[in-house]
Structures are given as C-alpha cells and as structure tokens.
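Asks: Each chain, written out:
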Amino acid sequence: MIDFQMLIIMPIVIGVVLFLLPDNLKIIKGVISLLISAYTAYLSVMVFSLPHQFIATLGSINWLYIPGFEKFMDLKVDGLSKLIVLFIGIFGFLYSLYSLSYNRRRAPNSEPNHIPGNYHTYYLITLGASFGVALTDNLLLFVFLWGLLGLTLYKLIKGHNEESSAAAKKTLVLIGASDSVLILGIGLLYICSHTFKISDIHLGTTTTLSTVAFLSLLIACMTKAGAFPFHTWIPDYTKDAPASISAYLPASLDKLLGIYFLARMCMSTFILSGWVTLLLLIIGALTIITSVLMALVQHNYKRLLGYCAVSQVGYMITGLALGTPLGIAGGLFHMVNHAIYKGGLFLTAGSVEKHTGKEELGELGGLCKYMPVTFAAALVFALSISGIPPLNGFYSKWMIYTGIIEFGSGKGIANQLWMIWLTLAMLGSSLTLASFVKLISGIYLGRKNEQIGTVKEVGFPMFFPQIFLAMLCIAFGIFAARWVIPEFFEFTGIGSWKSLPGLWNAPSVSIMILISIIVGFIIYWMGTLKTSRRSDSFVGGEKLQQELSFSSLEFYKTIGTMKFFNYFYDKANKKWFDVYHLGKECVLGLSSALSVCHTGILSTYVVWVVLGVATIMVLLII
Amino acid sequence: MGIEIFYFLIFPGLLFSGIMGGFISWVDRKITARVQFRQGPPLLQPLYDFVKLFAKETIIPSNGSITTFILAPLFALFGATISAVFILLPVLGVETGFTAGIIVILYLLNIPAISYIIGALASGNPLAAVGASREMKLILSYELPLILVLISVIIKSGMAIRFSDIVTYQLTHGAFIGSLSGIMGFVTILMCIQAKMGLVPFDMAEGEGEICDGIIIEFSGSILAIFKLTKYIMFLALPAFVSGLFFGGLSLSGINILWSILKVFAVVLLITLIRNTNPRVRIEQAMKFFWLWMNLIAVICVILAVLGI
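Going down the list, the protein sequences come from chains V and S.
Take the first sequence: its letter number 274 is residue 323 in this note's numbering, and every next letter is one higher.
Take the second sequence: its letter number 20 is residue 21 in this note's numbering, and every next letter is one higher.
Please note: incorrect hints may appear among the correct ones.
Said to hold, decoys possible - One side of the interface only, derived from the structure: several residues of chain S facing chain V at Cβ under 7 Å:
| id | residue |
| --- | --- |
| 1 | Ile4 |
| 2 | Glu5 |
| 3 | Phe7 |
| 4 | Ile11 |
| 5 | Ile60 |
| 6 | Ile104 |
| 7 | Leu145 |
| 8 | Gly222 |
| 9 | Leu225 |
Calculated directly from the structure, the hints in this document are not laboratory data.
All C-beta atoms, glycine included, are put in the ideal place defined by N, C-alpha and C.
Just chain S, with the same shape it has in the complex (with noise of 0.2 Å):
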C-alpha cells in the first residue's frame, strides 16, 4: 500500500506529474507567444499562477450545492492524477503491480471532464450550464472514435489489454506509428486529446468571449488553483498516452532521456501549433466533424488494422 500511495502523490503522481505538467504547459504557452510574436511569459509562469490563486479571494455561488461545488473539482484531480500514475508507470517502464487495463485508463481520464461538469451545473450559474451541456456533446463527439482508435491499437498489439503490455509490445515489434493504420490512429487520436484538453478549436465548452469561462465560470481562488493542476497533469499525461499508444513509451535511461522528451515535445507542438492556427468552432460543426470525419478514419484505421497494415 505504502508504494502505491507514494506513486500517486510523488512519483510520477501528483508532484511529479504537477511540476512537469506545469513546465509543458509553459512550452505551449511560449510557444503560443512566439506564433504571436510575442515574448512569452517566464519558466516558472505556472507556479506564480497557481500560488497566486491561493492568495485570491474565494467566492462560492450562493444558489448552488456548496459540498457538490467543493468537491467536483477533487474528483477532478484525482481523475487526473490516477490516469497519469497509470499511464506514466509503464511508459516509462516501471515494473509493478500497480497496472490497468486500456479500458480502465479511458474511463479514469473521463473523470475530470464529467466533475467539471457536476462541479459547473452544481453553480447554478446559466452560463456554465451552457458551457456544461457543450462538455457533454464534446465527450459523446469524441468517445466513438478514441474507441475505435483503442480498438485498432488492441488489434495491432495482439489483443493485449494490459497498457503497459502494448508498449512492450511496441518495444519488440516496432512502434505503431510505422505503420499507415498507426499514422490515421495518431491523427485521430490527436484530435480526441486536444478536445478533452478543451483547447483551440474545441474549446467551446469554456469559450472565454461568449460564454465568460463557461464551466469553470464560478470557480474561483484555491478552488481554481486545484482546476490549473489538474489542467497541467492532463498535460502531462495525454501526450504521454499518445507516446505510449503509438511511440513506444518513453525511457528515463542515457540518451533514451533525449528521445523521450522529443516523443512528447512533438505531440506537445502539434496540439500547440493546432490550437494556434484555428478558430473557435461551434459544438455541432465539432459534432459533425468528429461524427462523419474523425469516425471514417478511425473506421479505416480499424479495418487496417484488420489488415495488418
């Protein structure tokens, strides 16, 4: 027991996965400055903004449950830290006991947007109903294809169900993205994460100039603080998932350390340079694309699969 609360809350739980979640989230910001033109905010941005929220005034929505408001954000947190302990412990090839299926890890990453959701509709503040009811579409709009890609990457490994079977199963037979159904399952895959980041052009759920922040709207001081952590630990551990799917995992070893960050540096860029590059678009015609278009590929990943290509 003493190991596995020590994975969730230092490494590469909690503390861990906070501080580097954090340092990503400053690339993408510096990045994002640089696409602008602009200077970019300095490398322990991240901490100033969380330690600064605790300084700042709280303030609790008197129409709403408190306990459900208080809470969902903890959910929240523990939803992502628990899917990056499970996620971060076979990519980088810690051997353990502690494990989970492929399955168990898209459900425990699904928690954080579902709290957000019952953290935001327990405000009682219309506008977060808003922003909650376009969560909820964006999660039905991009569940189909994250299964389907899943699905394929099963199919690939062999019917292996165990994540951290996949990447060794990587490790021996070539990474995935080699091949053409690995590449349509990376595309498609990048497109679910940068939804269930709710960044740039998915982000309709908060959409800062309609909807004022929408789901997170009310959250305010340390219960906004804990919102920005678990922001940076999905940071962390959605590129890592996509490392670990299609990469091969990561290693913490010699030059290995080098490759590693590269493997998620890219996947860091691209959902960077996408968010940069596009508009905001509205929930259905994200609807639409990710039902007709996402869900084609991903079918035609599938059926590659299949295949063996």
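Okay, chain V solo, but in the shape it has when bound (with noise of 0.2 Å):
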C-alpha cells in the first residue's frame, strides 16, 4: 500500500524546507527538486494503478488535533483524477530535469537571466498543490489549494522590467479575480446542495441560483485555462516567463487543472441544460478562432505560442460542451494532447533562446542545421498542434469533430447550429497551421542570421524531456484507439463509443509513411541524389547575398491589410477584447468620477456630511 498522501505533502514540505537554503545553491536546490519530483512521478504512476473509487484522507496531517479537521481532508481518486495526476507527475519531472540546464548561465552576449528567486520552492510548492487539487473531494480544500497555485504563478515571473511586472500584475489580478468569483460560486454550490463534498453534488442547471453557482465556476474555469475573454494574461505571462516555467504552468498543469475542473462539473457536478451547452459552444468557437487570429500576426514566438496554447483550449472546451462520450472523451484527450506538444514547443522555444538570446521571430532563422533535435522535436509538435495525420493533435481534434456532427444529430438549438462550431473549429486548425509554418520557418529554415553567433545543440537534460515529449506525441496519435484511450479515458463516466475504429487507421497508414519513405529512396536510389552537387540558391541569375531574404514576418501582412481583419488588428491592438484593460478603464473612471466630488473645500464636505446623515435619518425613519 502506497501512501500517496506524500504526493501532496512531501513537495509542498520540502518546497518550504528549500526556502531556507541560500539562492546561490542553485545546483543542489535543482537537484533537490528533480528527485522530490521523480519520486512524486513514481507515486502518481503507482496512483495510476490503483483500482477506481479509491478513497483516502490528508487528515493525518492533523498534527495540532484540531477537531473536525479530517471532514475537509478526503481525497478520492476515480478515473479521471489519476488520469490527471498521472500526467501531473510526468511533467512535474521532465519539466524539473529541463530547468536544471535552463536555468544556469545564458548565452555569453545575451541579457542576464530572468530566473525568479526562490524558483525551485514554488516550482515545488506548485507540484504539490496541483496532485491535491486533482485529488480532493472537498471543495474547501480545492478552493484553497487551487488559490495557492495563483500565488506560485505570480511568484514563478520575475518583474525585471516595466513590461514584466505589468504582465506579473495582471496575472495576479486575473487570477485572484477569478478566485473570488469561484469562492462565490462555491459558497452558492453550497446553499443549494448543503455539503462540501465533491462527489455527493449534483444540480441542475434549471434554478438561477444553481446557473449563477455554475457560472461562476466556469469563470474560475475558463480564467485558469485561459479561454476567450479571460484568456489574456496568458500570451502576456508567457513572453515574460522562463520557458520552463509557461511549459510547467500556463501549458501543461494550468489546462490540465482547469479542464479537470470543468470535466467534473460537466460530468457530475451538474446536469447541463441547452442554454447552458450552447454558451459553452460559442465561448468554445470564440476562443479558438479569436486567439489563433492574434497569434497569426505575433512577431515574439514566445507570445506566440501563447496566444495558440489559447486557442487549443476551445476545443477542449467544445469538446467537453458535447456532452457526449465521443465528445468528451475527445476534450479530454485533446487536453492531454495539448499540455504534450505545447510543454514540449515552450521547451524547444526555450532552448533556442538560451542559446540564442533572441526572442524575436525576424532576428532568428537557419537552425535546423545547428540543432537539428530540437528542430526535429519542434517540427513534430508544430505538426501535432497543427492537426496533421498520424499525430496525437489531428486524433483528439478528428474526434472532436466527429462527435460535433454525431452531435448534430439531436433536437436542441445547439444542436441544430453543429455547423458552426465545426467549421469553426475546422478553420481553427487551418490557421494554427499558418501561424505554426510562420514559427518554424521563422526560427529554424531559411538562412541563418548573420547576427547570431555560434550555436549548439542543448545538453542531455533539455534534450531528454524534448525528445520524450515528441516520442510521446507520435505514439498518442498512431496506438490512440488501439492503446492510449482504452488504457486512459475509457473510466467511468465517459461511456463508451464503438463507432470510430474504421473511419481513421492510424497504425496501418503510419505503416504507409514508413513504406513511402522506403520507396522514396529506392527512387532516389535509382536517380542521381548519390552523385548530387551542392550550390547555392538559384534567384534568377542574381548572386544570392545576405540581405536577399523573405523574412517569415512577411507571410500574412497580406491578410492583415485586409479592411476587414485590419478593422480587427486595429480594435484588438487598442486592447478592446482585453477584460483586464476593460475592467481598469471601468475602475478608474469611476474614481476619476468619485474625485470630482473631493475638491478639499471643508464646506463643500460639511454640505454631505449633512446631507448623509439627513438621509440615514430620514431612511431609519420610514
């Protein structure tokens, strides 16, 4: 018997503990943290493996005797928990063996390093506080572990610029926001079905209390995954974060976390009604659409990737809203799928910045021949994230897809507009395509700038989690029906789907690449490529020189100059869909309006005072 209460203490302990230690330890701190995390990955594994229903309790960690305590400390583990904790645990690892390398000294003319302090503590205290929040029953425990994760956000970006501490700002305002409104929700969850324990709710979405309660934890939902029109700290936070830390949080624990959440209340906590599911699809199509539009034109890759790590999750989103076994079971891989290629992009984004020091798309380009296993990783996961067959991204989208259109088939008004959301959904693709080729040819083809000096390949322990992650994502997409799903989503709750093998072979058609590969080079075999002649590029006659390029930032000004998006670049640039600059104009007009009434003329002040008690009289009066 394994005690799995360590899953949440021991990194949350040992994180505190590391407080302790001197900054200039960084090593042994590192390396403190990569073995708390490989034996957190070893219990979630072992997590993995325990039967369904499997009920536990933190309360031994009751050491002040409080009375009562241990009704807030279940712990309950079902299929779509040690899914997630499963997955927690491997990133938890790989992302913890990446930073040892990340972190140390940069490229010798790059700017200092942007590492946080105290990294490995909240690196650590996160760790901990994601396993409790996939494995409590209880909602107060959850709203308080899950508020810890804001805090560990915000302390994981390091302000060392106006741009960065504005962006750390923002999350934490963000963040805590929806906090609150989840603490509203819960609080409203709680009037209406009198308990705290997760398992034993179920509402209907019928009364305006239950809506309101479920709204609200949507709300906390949407923020920390980062669906439109919450989305916007995320594109922010990952320009300004350390790579590893937007592949640990915003890509990988942050979707993970928040879709879990979303999957429970869909699932069981509540019983959707039409109104509701067709609100979910539109945030769903919103979000896909919107935030890859954004990313289609980012110069930074960085807020690049983020604006894409948006818009990934309308699918699961959309998935999810289906409400069907199909459909769900597609957001839920698509999920998983998601937090692989986007963790795995954020690490290569990482390595090319460490070695490079550039951030910007037009200051890089020709790496693939100075690192090509990052190229060829990225490359996978640029192909992943786009929806190319065989790989894992195309599988969870193709099932999101079919299940909108098994979804048509049904009587309510979302229903009816199945249309829409696939043709959107669709498009989505198509443009996470073109924003992708924009980010590998940007980076990796084309000429090398001359700007750059030399560059290496990363060392073993940036290279391991890349590679991993890239072998992940072919094997997720070629054995999904025959192995990952019925291994890890066919669980309780999800039903079961037996109409989808047949319409897409995976294995078979991966033979097929193995074998055009094969007869490619008997082709070629057969032709000249043995005796071929290396030369430079050919541009109509003219001697191919330095400056003769077509840098990637050019690819979709086209689109951009059209009235129509141009109309939308423009509202968006002036920040009209940004919640965060909204809600700031909100608040400071109305103090600017409240202002006027503070002219520091002690009359003035004396006529409301006046005034105020008059009406308070008059009011306890009648």
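Hints in hand, dock the two standalone chains.
Replies: Right, here's the structure in full:
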C-alpha cells in the first residue's frame, strides 16, 4: 500500500524547506527538486494503478489535533483524477529536469537570465498543490490549493522590466479575481446542496441559483485554463516568464487542472441544460478563432505560443460541451495532447532562447542545421498542434469533429447549429497550421541570421524532455484507438463509443508512411541523388546576398491589410477585447468620477456630511 | 496487413493512380495544346518526363537543411497516395475494411501542400519562401469553402461521415449533382481543387514568370521526379473525390466504365478549360475571391442542403 498523501505533502514541505537554503546553492536546490519530482512521478504512476473509486484522507496531517479537521481532508481517486495525477507527475519530472540546465548561465552576449528567486521552492509547492487539486474531494481544500496555485504562478515570473512587471500584475489580478468568483460559486453551491463533498453534488442548471453557481465556477475554470475573454494574461505571461515555467504552468498544469474541474462540473456536478451547452459552445468557438487570429500576426515566438495555447482550449471546451461520450473523451484527450505538445513547444522555444538570446522571429532563422534535434522535436510538435495526421493532435481534434457531427443529429438549438461549431473548429486548425509555418520557418528554416553567434545543440537535461514529449506525440497519435484511449480514457462516467475504429486506421497508415519513405529512397537511389552537387540557391541568376531574404514576418501581411481583418487587429491592438484592460478603464473612470467630489473645500464636505446624516435619518424613520 | 500494402503500392495506390494520373495529365496537356492550336505531346510524354528526371543532375541547396529538403517530397507522395487509396476504394465500390472518414480524407489531402511548404522553406531560397507563403495563404483561402461544401454533402447524405456511405447513399437516392445545392457545391469544390492543384488562375505559389516556380524552384533530378509523380496522383485523386461526392462514384463493370471515364473526364475538362481561359490572379485577389464569393456560394449551399433543396 503506497502512502499517496506524500504526493501532496512532500513537495509542499520540501518546497518550504528550500526557502531556508540560500539562492546561490541553485544546483543543489535543482537536484533536490529533481529528486522530489522523480519520486512524485513514481507515486503518480502507482496512483494510476489503483482501483477506481479509491477513497483516502489527508487527515493525518492534523498535527494540532483540531477537532473536525478530518472531514475537510477527503481524497478520492477515480478515473479522471488518476489521469490528471499521472500527467502532472510526468510533466513535473520532465520540466524539473529541463530546468536544471535551462536555469544555468545564458549565451555569453545575451541579457542576464530572468529566473525568479526561490524558483525551485515555488516549483515544488505548485507540484504538490496541483496533485491536491486533482485528488481532493472537498471544495474547501480545493479552493485553498487552487488559490495557492495562483500565488505561485505570480511568484514564478520575475518583474525585470516594466513590461514583465505589468504582465505579472495582470496575471495576479485576473487569477485573483477569478478565484474570488470561485469562492462565490462554491458558497452558492453549498446553499444549493448543503455539502462540500464534490462527489455528493449533482445539480441541474435550471434554477437561477445553480446557474449562477455554475457560471461562477465556469469563470474560474476559463481564467485558469485561458478561454476567451479571460485569456489575456496568458500571452503576456508566456512572453516574459522563463520558458520552463511557461511549459509547466500555462501550457500544462493550468490546462490540466482548469479543464479537469470543468470536466468534473460537466460530467457529474451539474446536469447541463440546452442553453448552457450553447453558451459553452459559443465560448469554445470564439476562443479557437480569436486567439489563433492573434497568433498569426505575432512577432515574438513565445507570445505566439501563448496565443496558440489559448486557442487550443477552445477545442477542449467544445468537446466537453457536447456532453456525448465521444465529445468528452475527445476534449480530455485533446487536453492531454495539448499539454504534451505545447509543453514541448515551450521547451524548444526555451532552448532556442537560451542558445541565441533572441526572442523575436525576425532576428532568428536557419537554426535547423545547428540544433537538429530541437528542430525535429519542434517540427513534430508544430505538426501535431496543427492537426496533421497521424500525430496525436489530429486524433483528438478529429474525435471532436466527429463528436460535433454526431451531436448534430440531436434536437436542441445547439445541436442544430453544429455546422457552425464544426466550421470554426476546422478553420481554427488551418489557421494554427499557418501560424506554425511562420514559427518554424522563422526560427529554424531559411538562412541563418549573421547576428547570431555560434549555436550548438542543447545538452542532455534539455534534450531528453523534448525528445520524450515528441515520442509521446507520435505514439499517442498512432496507438490512440488501440492503446491510449482504452488505457487512459475509458473510465466510468464517460461511457463508450464503438463507431470510431474503421474511420481512421492510424497504425496501418503509419506503416504506409514508412513504406513511402522506403519507396522514395529507392527512387532516389535509382536516380542521381548519390552524385548530387551542392550549390547556392538560384535567385533568377543574381548572386545570393545575405540581405536578400523573405522574412517569415512578411508571410501574412496580406491578411492584415484586408479591410475586415485590419479593423479587427486595430481594435485588438487597442485592447478592446482585453477584460483586464476594460476592467482597469472602468475602475479608473469610476475613481476619476468620484474624485470630482473631493474638492478639498471644507464647507462642501460639511454639506455632504449633513446631507448623508439627513438621508440616514429619513431612511431610519421610514 | 498484406492487402493494405497491396492497396497502397499497386491498386488503387501508387502504381495505378500514378499511371492513370499520368494519363490524365496527358489529357490536360493535349486539351491545352488544342486550345492553343498546337499539336500537343505524345501519349507517353508524362512517362518520358518522369524517367528523364532520373538522369538529370540533382542539385541540393547549400544553405538549407538537407534532411528536411529530401524527406518533404516523400511525405507529399505519401499524402497523395494514401488519399488516392481512401478516395478510390469507395469510389470504385471496393468493399474493404480499409476506409476513412471524409474529414480524414480532407486532412490527408492537405499533406502534399504542407510538405512542399516545409520543403521549400528548408531550401533557404527567398523565392521559395515567397512561394511557400503564398501556398499557405491559398490553403487558408480554400479551406473554409471546402469545409462548408463537405458539410453540405454530410447533411445531404443523412449525417454520414464515412466516404463509402456517402457514395452508396447516392446510388440509392440519386447523385447530389441533381439538386440545386449540389450544383452550387460542385462549382465551389471545382474552384477549390483548381487551387489545390496549383493550376491557373491559382498558380501564384509557382508563378513561373515572377518567382521562377516558387516552391519547387530548388527541386531537381529525382527529387523533382517525386514531385511530378505526386502531381499525377493528385490529378486522379481530386477529380475522383469530386465524382464520389457529387456524381455517385465510379464503377469498373461493363458499360459503367464508359460512364466512369466520362465523369472523371468532365471534371478534368472543366479544370483544364478554366486554366486555359484565365490569367493568373494575385494572391490577395485569390483570397478575396474565396473568402467572399466562394464562401457566399458555399454558405447558401449549406442552407439549401438543410432545407433539402
């Protein structure tokens, strides 16, 4: 019997202990954090092998012997939380390994590194809290750990200049505000159901109270996972945070937990009515399209990845909103796939950033020769996120598409509009492809920018997580129907679907890829490839000069100049779609209106006081 | 597994669709020649072209990534062949477990274009990069109308997503081209495959006159031979796809052979005539054309399909 309370307690306690070590012992701290995350990864695999509906308690940490403490400490392992715990464990270990090398010194001529202080402390606390969120069966413990995650998220970005401080503040404000809405929702949930035990709550969304509760919890999930219109912290955060942290929190753990809680809400806590389904589908479709359009015009590659991380959330929400077994499984599978490839993309971005010191697409180019492994991994991730068969991103997106068509046979309004959801989801996929063609070509292909000094391939601690995740992308895509979905996703509460196999036979098709490569090489061998000559590019007979290039930044300028898109981008640049910005404007507007009353003239104040007292008197008398 | 490899390599995959596609490309060139009052090439010209390239020197750009540059055409060949298999098996009425949904086919048909984009960018040639960016914008342009047409076909066939079900549905209920929405869908998809094949007026990714063949500028020798082969296969697969979606598929028994040839020939004739009677448009004109006009037609087509017209 394993003691899986350690999964939650150990990282948090060791994390707090690491506070005591001075920050110059970075390597020792890193190694400790690696060992702890390796141990929790082992424990999470053990948890995955536990039976369904396994119940435990965290009550043994009641060192102060507070009476009644135990009932808030219930843990529960079911199919869904097992899945989340397993992947948190895996990602926790991989990114900890990556951080070992990433946090060390940068390229000699680049800016100083922006690793926040007490990095490993907050890293471990995040790990423990995430396990807790996935395992707890009590809403109070849940909201405590959920809030803790918001705090560590804030502490893991370093405010080294005005922009990054603003990003950190924005993150804290948005996450904090959503947490307060979450507390409101949990309060309402308690009023409706008189219990804090998550597995005992089953509510309809027909009464006003329960609908408001649902919407409050939904806002919390949407902010955490990053769905339109509460997503705006993600691109800013990923631009300035260390790449390992972008991979760890916004790309992997926040998605896993946000979508986990949404899935829990959709599957057991609430019974969705037709209107709620429609609302969720609208949110999903808007998230997919708006963010990917923003990704298309970004120049900073980490920001581009941030926008794409938002866009993919739309697919997960769409899948979960369908409420059919196929849709939910598709949404959850996409969540896992997204965590794999987006995490991987941030890691490769971090490798490039570490070895070149450049963050703009326009300053890079031609790195595929110097970083072949990073390039290969990045290409796999990029093709996967763009939904190219037979990779994993294709499989989960395709499950969602098929789910939408199947959902379209139903009777409700949301069902009748299936073609809109399908069109937007599929269009979003090609726009994602377009933005990743820009990213891959801007960083790795084309000609090397002369300003970049010598670049070499990354070392093992950074190399291994990238390759491992790329392998997972390929394996999850090929063996999705035979192994991955039966093994990880066919748990109670989802039901089953049998119509899928036969429509997409990934293993056979993958063998065809190998055959085509073999046939192709036979053709090459018969031809003249072995006696090939290498020559400079042909540019109409001119001598190819360094300045002569077509930057990937120019790729989609045509789209930006079109009237409709120009209007949209213009408004987006003025932050019309940014909830944080709008909220800030409202608060500042209100305070400037109130400041009119504060004239500093005593007699005016006296009049206000007398008027106030008179009003209260009148109210009391009535 | 053995039978699947047979489907892939021999019939209706690589060998069959390579030869048939070569023949169709000869038809295309012959019609073009007649339109321009020329004699036109002999029947075996596509084969000569293919074989000749083996003897030609292969030049590899010294700037780019060799591996990506060499592998990209192979993935394109794979994409074209596998979509040809998944399209031709149901269209020809071959009963087999090796089938695919219509959405899968749509994505497999995109693989050749994506491979060329990556291959072209890997060559490090600025003109190839211009071509690649145009190709990508072209994909963005025709993707939306194509999706809408497929949705209208799904609605018309009673929510069937298996390509073979769509073909058999038309055998019992009549071909979709017989309805108003079917005609509109056909017109839209014809434009989309014109762009997918990179034929005039949508050949701006290759643009011989301005960017010296754009995305294929650096391909030569046997690598270019693979490119040609992929093009031949697409020349069969796309018209067959259209005939499966709107004409109720093909058949290889008795007098039906003649009908089948006519169906494919009709599509090829239309494509060829469009390419011979139009000048190349600029990329933003093409984008406007698809996003505004083709989407409008496709949306009306979906609405009509919902109404059952």
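Asks: Hint by hint, say whether it matches the structure.
Replies: Verification of the hints:
1. The criterion of a C-beta within 7 Å of any C-beta in chain V is not met by Ile4(S), whose closest approach is roughly 10 Å, and the hint is violated.
2. At about 5 Å, the closest approach between the beta carbon of Glu5(S) and any beta carbon in chain V falls short of 7 Å, and the interface hint on this residue holds.
3. For Phe7(S), the interface hint is violated, the least distance from its beta-carbon to any beta-carbon of chain V being 11 Å, above 7 Å.
4. With its C-beta approaching chain V no nearer than about 12 Å, Ile11(S) sits outside the 7 Å limit, and its interface hint is violated.
5. With a cut of 7 Å, the hint placing Ile60(S) at the interface with chain V holds, because the nearest CB-to-CB distance is about 5 Å.
6. Interface restraint check: Ile104(S) against chain V, minimum CB-CB distance 5 Å, threshold 7 Å, status holds.
7. Hint on Leu145(S) holds. Least Cβ distance to chain V is approximately 6 Å, under the 7 Å limit.
8. A hinted interface residue such as Gly222(S) counts as satisfied when its beta carbon comes closer than 7 Å to some beta carbon of chain V; here the least separation is about 5 Å, so the hint holds.
9. Given hint, Leu225(S) at the interface with chain V, is violated; its Cβ is 10 Å from that chain's nearest Cβ, farther than 7 Å.
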